[in-house]
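Student: Relying on the hints, combine the two individually framed chains into one complex.
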Amino acid sequence: MSYFSSLYYLAFLPAVFIIYNLFPKKVRPFILLIASLIFFYTYSKWLLVFILISALSIYIAGKLLNKLINEQNAEIKDLELEKKKLVKEKYRKKKKLILLGTILFNVAFLFYFKYLGFFTNVFNNLLSLFKFDSSFKIVRHLAPIGISFYTLEAISYIVDVYHEKCPSENNFFKLLLYLTFFPTLVEGPITRYNDVREDIYAGHKATYDSFCFGYQRILYGLFKKMVIADRLNIFVKMIFCDYNHFSGPLIFLGAIFYTILLYMEFSGTMDIVIGSAEIFGIKLKENFRQPFFSKSISEFWSRWHISLGAWFKDYIFYPVSLSKFVKKITSSLKKVFSTHVTSLVMGGIALFAVWSLNGLWHGAGYQFLFFGYYHFTLILLANIFEPYVIKICDKLKINRQNIFYKIFRIIKTCILVFIGEMFFRANSLASGIAMFKRLFTHFSFHRFGHYVLTLGLDIKDYIILGLSIIFIFIMSILKEKNVNVREELSKKNIVLRWLCYYALILSIIVFGAYGDGYAPVEPIYADF
Amino acid sequence: MKNVLKSVLFIAILIGLIMGITCLLLPKESIYKYGLIKTSTYEILREKENTIDAVVIGDSLIYSGISPMEIWHNYGYTVYDMAKSAQLISDSYKYFQVAIASQKPKIIFFEANVLYRQAKNKPWLSVWQDLYKTYLPILTYHNYWKKYLFNNLNDSLYYSRLNAYKGFKYINKSVPGTKLDYMHEKAKVEVPKENQEYFQKIVELCQENAVKLIVISTPNMKSWNYGKHLGAKELTESYGLKYIDLNIGNPLDIDWKTESRDAGSHLNFKGAIKLSNYIGEYLESTEEFSDKRDQEEYDNWDEAYELYEKLLLQ
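The listed protein sequences derive, respectively, from chains S and Y. Going by this note's numbering, the first sequence opens with residue 1, and the numbers climb by one from there. Going by this note's numbering, the second sequence opens with residue 1, and the numbers climb by one from there.
Rather than coming from a laboratory, the hints here were simulated on the basis of the structure.
DSSO-like mimics (lysine-lysine), calculated; alpha carbons at most 27 angstroms apart, straight line:
#	chain 1	residue 1	chain 2	residue 2
1	S	LYS460	Y	LYS28
2	S	LYS88	S	LYS327
3	S	LYS67	S	LYS88
4	S	LYS237	Y	LYS146
5	S	LYS137	Y	LYS173
6	Y	LYS257	S	LYS137
7	Y	LYS222	S	LYS45
8	Y	LYS48	Y	LYS33
9	Y	LYS6	S	LYS491
10	Y	LYS179	S	LYS137
11	Y	LYS2	S	LYS25
12	S	LYS93	S	LYS67
13	Y	LYS6	S	LYS283
14	S	LYS93	S	LYS83
15	S	LYS83	S	LYS165
16	Y	LYS169	S	LYS237
17	Y	LYS274	Y	LYS257
18	S	LYS295	S	LYS285
Sample of chain Y residues at the chain S side, in silico, Cβ under 8 angstroms:
#	residue
19	ASN3
20	PHE10
21	LEU14
22	LEU17
23	ILE18
24	ILE21
25	TYR132
26	ILE138
27	HIS142
28	TRP145
29	LYS146
Sample of chain Y residues lacking proximity to chain S, with all beta carbon distances greater than 12 angstroms (derived):
#	residue
30	LYS33
31	THR178
32	ALA263
Note that CB positions come from ideal geometry on N, CA and C, so glycine has one too.
In isolation and in its complexed conformation, chain Y is listed as follows (with noise of 0.2 angstroms):
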């Protein structure tokens, strides 16, 4: 018994220390508003209040093939990755709620992926890297040290400049997919019945923030499929969403023996830097960006650029 207490003192002892840690390393500001395990849990959190151009809310192939510091570079617009190994759509909805709640992004894509992903199916070791990355924030926010112990912590631009890359998560090793006729005609594929009440609540949700919401299917050879596209155009389009299927006639010309770190599950950095452009190139098509690259307000993102690339270099 006297072990057992002993035990139970150290570890809250500990979590105390953690937690103290924590809050010296984050984001005062945030912690504040937001709370210590939101702002651990939402990295875009760390941004500067109505920065950002558009969101992009989904499951790792938007972390694998979206890399908002491209786009930053090529085009000067402000885009955010809130993506999550194996997301559900359940996560996806409070993704939505925290990016309409602290940036105002006048555009938020989707992934259409995580519109079939159930619970059931969720990969136990997500769950876990899930539970720790919540409930331990100092794990994500660790490194932060160096600017706390050398430098002055109220520099606000630091917070941004340190989260060089946005969301996205850089991998350049290259295994080629081989199903190449992986959008043959099949049946439709319903979505989910509880996911499609949650993709209700997420309509609302933009509907009542004036967000544009696209729905977008990115290049993936392994679990898409000619009926998900149907099951999901249906979805979006009932409700008058635009949907943009980028396997249908591969129109990213993704060449899937180099452009794959993993056999066509997702895309890597060089499949990546087409459809980070390709987003790029929407958002201007829309006429409702302004380049933001020389504006001063927007120094933390050159600052973030020169470490992506310092970061690339790796």
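Only chain S is shown next, with the shape it has when bound in the complex (with noise of 0.2 angstroms):
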């Protein structure tokens, strides 16, 4: 049952809103659990015992580092300073092996499910390249969905319990709620326990009010994805599919529109996920924040999958670049080298290691660690010449600050943007670099508008596709200047009002791209 099918929202959501208000608070966090568990189920059947395992290795692992911690603060209460850290280390060590040992035991579980493939593939590759005769069966197993969601959920719960950040759950269903929550189990946001744990749990009656509001969101989501998402997805199919037939200026518009297909696709879905949270008083944080106003690489990523970039850097960033490993290369560094380029080493050690498990996470396939380094050499090479461009600007007395710099650097970084999700759309890296060549080689306009009005999308398509666009453009600048349209327009009389819900709802239903002839977008971040 995806986000999307109308059993979903028309079904699924208002009796499970119904049945949670009939229940006293203290039951409807377990009301929330079992329907997490029936639209776990829908998708993954019986793939439902490996989460129930790996939350049961979470819980315990939580239980046992709590007793640690307990045990440890008795112990060095009354110490003296010097005593006190070599209890500690002693309990460090304790703590450390279990806290590694959950993480590997839950990190196996992702790889069986979705990297044994290919990295049987990439042994055999080697094995070849070396002459050697034999191979390995590469056998793909079918995941359980949202892994990769749930798992570094998983591990931010079990190393925040481990640091003292957030207290062990002491109940396994509640700790299960927060790993299954079906609103965030598919495509994330990836959310912290301590930033859930209290609405999640509370019990918060579901009103007439949050349905509302929730669902104003849902509408919303649905709009950006069987509108715009749903409609861009036929010329990218055709594009992507066949580029070889294709002119450099069409590949590119391919690039652009699969670009703004994944945005609506993603951050529609969060919407959806958002909407279906709030029916029930919990409040989710964003994972996007209108990533094409970004000015630079490292901007967008801190406004898109804002919860993959903030886990990537508290939970490998951080540890990386604190390592012992990396602050002793620095410290021999710094002897030689000016600070500018050892904290550009030190960041590019962390950074390296972020964009691998980044490029790595979003898929099992080499186009998606180029993916990975892509973006990593980006923000590398913006690090590195940051200083100089400032340095220029200042001599030619170019103002930063000035509308027009920044525009020039928006559009810069949508590019390259474009020129990323290009290579990550790619059915291999052989098939992205060569869509990348025909940009340049096969760079002409010959018949450019024939093929675009006739790749499946016809001149009323376009028609809908630039005012459906425009419209969320409006809605993503009011955002950005921190007008929550929401609540302006709850402000408004009762038809104002209702005259809007209609017009979304009807526009969804009339010109959503379904039916005879459309194939809808597959929920794009849910095999992650």
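Tutor: Okay, structure coming up:
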């Protein structure tokens, strides 16, 4: 049951809303848990067992860590500083063993389901490179839905318990709810236990207002997905499946359309996710913040899939850059090089780790690894050249705060993003490289207009696309200026409010790209 | 209480708006003659009256396996799939009534798999889909806005032209089927009593309207077997009807490795071409139908074929 299926928003969600409200406050979290398990089951059937095992491992590890922390605190209570250090060191080793064991156990699941096929293939390639005759059978397994998301949530929970940033959960079912909460299960956002635990276990009453507000957000998400993303999908599929027949400008247009499609699909899903949680009084953090207003690639990644970026920052970037190994390197570099170079190397090592994992997280394929390293290179280059760019701008008396300079930077960032997404969508790394080459080797506008109008979209589709994108653009500008459109709308009189709702609902129904001749976009991030 | 009233009013207005738009988008003649719900439920009502040579009624095996446009292109006969996922024989009876009332086909093929399906076995997902397709017809017809906003809606060719698949569903993926000995000897499986009664009503309806009824078992490795073959054969022959089982001896030479979309349950497009040509050849052998490809009255089928070809490329 996808978030975009009518079964979800017309039957499942209202049913959960009604049942949830029938029960007293204390029972409501368990209603959400049952709903989440049913939701999981509709996707992955008995693979549910794996998420239960994973949650159990996290639960037990959390309890053990908590026990050790309590024992340690009791033991060091009246000790001197030196002795305290010794006791802490003794416990640190034990705690670390539990932490690493639990992380490895859960990552092993992820590896087994998602990466085993890819790494067997890599290994076979290496064997044939060194002229070995044997090869291993490539086994691919159907992964439990959302495994990449709940594994990261599970790791964040156990690491936070280890660092005493959050308490361990005493009730297994509550922890299970955190890991399987149905709105966030399939495509995130990757929530932190500390951020959601109060709301998720509070059993807030789902009110008429929360229901209306939640559904408004869901409608907005449906509009993005069904009117824009699913319509663009027709053109995008044609270009990416048959790129050998198209010129550079058409391929680039395909890349632009794909980037818009991806944004509309993923941010649309997030609207549905956040709206669904809002119905039950649970506030989730935003996962997108107008990414196409970014002036650099690093800013783009702080506005796109925010929860993933934040996870990598907290659980990979900082631990790597503060590790003994990196500290050792930087202290020896400091003796020879300037602070700028030293910080570049220190950040570079951590960034490399982040983007290697980020690429792999997005998919088991060389093109995803390339996608990661592409962004790593862009961010590193920006870090290297930033001081020089500032100097050049100063010399040329270019005001970096000037609106035109800002627009120039936004366009530059968008172009780099389009190219990155082109590799991301390509069927393989080889296809991605071939497409990139064609951008230059087949740069011609011959029959460009003809193809634009014959690759599945006609002029009427473009009119709907244009108007819809302008609508989303205006909404994004308002959001960027901190205008809460839904709150503003709620202050208006009922006639205007209802007119807006009807317009949105009817435009989804009438202009949605579904039915004969349209293949809806598969939930892209659900595969990660 | 105030909120409940507000919600009821909101939904009532919304239903009114949806119905209004649906009326704008659907063929008015059909709405006038058959009513809004019926017009939206039965796609065949988009076709000009009395223009269909043969109809195929059945479940997903039919909409996956028979492409009327292939038959049109190769033989010039007008065939229409009146198929619905997990169709029950009670639904089939209604389909027969609509087909006969609006089109007067000479032959109706009926998929034997439906004879064995009982209401309690109907998947809940298909119940849900039927429900909203029936009561929210706009979901099926919403794409007509293109014509409504930009062209003359009175273009009578439009409805037929837009409906390029004529009930067929194009699925081109391939998942090999492995249960190759699925038609091995097996004891007869009786057609359920209630379904036999419905079948009798169908036979009577066809007889009253001089429509030739042919029961057909299209290739299906998963839910068809020799026992069901015997049961269906006995029932159809008891009425003196023709029964064709395309699973016996694999007369279409279906390659289950490449011509099924889901491990033997349904044919994919490659398999559908074979089955469609079989139907075309059969109709040709009856010498009851003329090739309509050059007839002006059937220009809309040529237009539909053009659109069909485009859709296949997507």
